[in-house]
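Number of protein chains: 2
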Amino acid sequence: MASSVTVLRTVREVREWRGDAGDVGLVPTMGALHGGHRRLVERAAADGVAIASIFVNPTQFAPNEDYRAYPRSEEADLALLADAGCAAAFIPGVEEMYRPGEDMRVVPGDIASRLEGAARPGHFAGVCTVVAKLFGMVRPARTYFSHKDFQQLRVVQTMVRDLALWIRVVPFEIVREPDGLAMSSRNAYLTPDERRRAVALSRGLFAARDEWARGTRDAATLRATVRGIASDAGTPEYVSIADPVTLRELEGRAERAVVSLACRVGRARLIDNVLLGMSLDELARL
Amino acid sequence: MASSVTVLRTVREVREWRGDAGDVGLVPTMGALHGGHRRLVERAAADGVAIASIFVNPTQFAPNEDYRAYPRSEEADLALLADAGCAAAFIPGVEEMYRPGEDMRVVPGDIASRLEGAARPGHFAGVCTVVAKLFGMVRPARTYFSHKDFQQLRVVQTMVRDLALWIRVVPFEIVREPDGLAMSSRNAYLTPDERRRAVALSRGLFAARDEWARGTRDAATLRATVRGIASDAGTPEYVSIADPVTLRELEGRAERAVVSLACRVGRARLIDNVLLGMSLDELARL
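Taken in sequence, the protein lines are chains H and L. Going by the working numbering, the residue at position 98 of the first sequence is 98; the numbering climbs one at a time, nothing skipped. Going by the working numbering, the residue at position 43 of the second sequence is 43; the numbering climbs one at a time, nothing skipped.
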């Protein structure tokens, strides 16, 4: 039996709900919640009092991206949050998050320069700014991020360290559909045929993981394996074998790696990755 | 009889000193403390537990500026802080504040684009970044800034609002030498002759304040008054009549204004201002 979720729409309401004493865990989301979000919230609720934010953040979308089209489903989201044991949902309007003309930004450096940062200029400044604001508004003790958006996780970890925010960033596994496709709100854009093709992305990554397990460490070999299989879904924007800490591209022998890709499948731009030679616990301790 | 100041040199020491319970007031400084700093600390100590930080922040200096030459006087600073009732001094080294290669920045927007921001590109990104870091490290309930660096005060106020930091920014008056010169660590650069000439800066500002008191509201008139007198100290880089909230330059009739200037006098680049038609209490409530 699901309990109800307290819906907070203003910073004032968050502060009143939050009080001084609480020790809460924040799951920042853009809504359109799926099983991956559910698992994050369940983990946050297991650790203490969970609050999820739902905010489609305009500053992290470029003008040519899918800000307007991004799926919004508040009623279903609230039902999922209640069922997952979430105590509160912070659902601000754009004008509650950003005053008119607000133009201060938290701008990440080198960690955001490659991969998604290169493909989406300004994206991570928007992410850092809204996440810093959410941290300021909610003051969580812990925050939960899936490594599905691996670079986002690393950028947030870097921001938390560099701005000396007293928040523990908890990295969480990627939750997948039974056939391997990483859960994503943008999967809703896929037609049935595109959905069938999209599984090639995770198959390519899993093939690299299997090669790694068999001892392959050469970055070029791993990259070629992923590209060969993932191309059945479409032409990847990039296939990357990068250091999981710096996100710099690896050449030659890898000791640890995040193998990641981005690929447009129909209307959806999908990303996915596997982490090799490094555990989420090690990642959490960075 | 002055009590002693607890000297903290690492973030770990600050956190241990700070604990969870405290409700402290932070006075960020670059050291070379003078009577203006003393008054800020006395105010912070009157409000609760005062901590001052002393850190000459490299990221707010351009390569051609006086980072290396900036006066450093830790022993005298600690004596002043003790005498002013300061409980602790946070004096980190550069490598304690910034890890190697750290390049994330808090970048202010329009509020930082004119005046000092135009004269010193990147300056306010450096200020915001280090102040955000200090806020993260110390977690003060209150922080104290003189309006001597008026734009800095407004930039910090804007950052605190936009990043939803739960910190009260307390604006404080400009403390002046008996002849009117605003106290500044950079006054130490002045030769006796330059010191005598420098008083023309505050005389120009006071003349505008007197005109305002007599009913003058025309921005161009006020600007000409300041420039006419202040030029005895040197050629001002700028003389500005700006809105104290937006810092946009005013033309025609002013309802409220910050009259500010920057002027190089010998080796010293000096700034000063007067606030007209607006009280510090009103400024504090922005």
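Think of the hints as simulated: they come from the structure by calculation, not from any bench. Quantities reported herein were computed from a predicted structural model and do not represent experimental measurements. Keep in mind that a hint or two might mislead.
[Unchecked claim] Some chain L residues judged to face chain H by a derived CB distance under 8 angstroms, without partners named:
id	residue
1	Val7
2	Arg9
3	Thr10
4	Glu13
5	Pro100
6	Met104
7	Gly109
8	Gly136
9	Met137
10	Leu163
11	Glu173
12	Ile174
Backbone N, C-alpha and C define an ideal beta-carbon position, used for all residues, glycine too.
Against the structure, the hints:
Given hint, valine 7(L) at the interface with chain H, is violated; its Cβ is 19 angstroms from that chain's nearest Cβ, farther than 8 angstroms. For the restraint placing arginine 9(L) at the interface with chain H, the shortest Cβ-Cβ distance is roughly 15 angstroms, beyond the 8 angstroms limit, so the hint is violated. The interface hint given for threonine 10(L) is broken, as the beta carbon of that residue sits about 12 angstroms from the closest beta carbon of chain H, more than 8 angstroms. The closest approach between the C-beta of glutamate 13(L) and any C-beta of chain H is roughly 13 angstroms, which is over the 8 angstroms cut-off, so the hint fails.
Violation of the interface hint for proline 100(L) is found here, the shortest Cβ-Cβ separation to chain H being roughly 12 angstroms, above the 8 angstroms cut-off. Given the 8 angstroms rule on beta carbons, the hint for methionine 104(L) holds: about 4 angstroms separates it from the nearest Cβ of chain H. Here the hint on glycine 109(L) is kept, as its CB sits about 3 angstroms from the closest CB of chain H, short of 8 angstroms. Hint status for glycine 136(L) relative to chain H: holds, with the closest Cβ pair at about 3 angstroms, below 8 angstroms.
The closest approach between the C-beta of methionine 137(L) and any C-beta of chain H is roughly 4 angstroms, which is under the 8 angstroms cut-off, so the hint is satisfied. For the restraint placing leucine 163(L) at the interface with chain H, the shortest Cβ-Cβ distance is roughly 5 angstroms, inside the 8 angstroms limit, so the hint holds. Interface restraint check for glutamate 173(L): the shortest CB-CB distance to chain H comes to about 26 angstroms, outside 8 angstroms, so the restraint is violated. At a threshold of 8 angstroms, the smallest CB-CB gap from isoleucine 174(L) to chain H is about 26 angstroms, leaving the interface hint violated.
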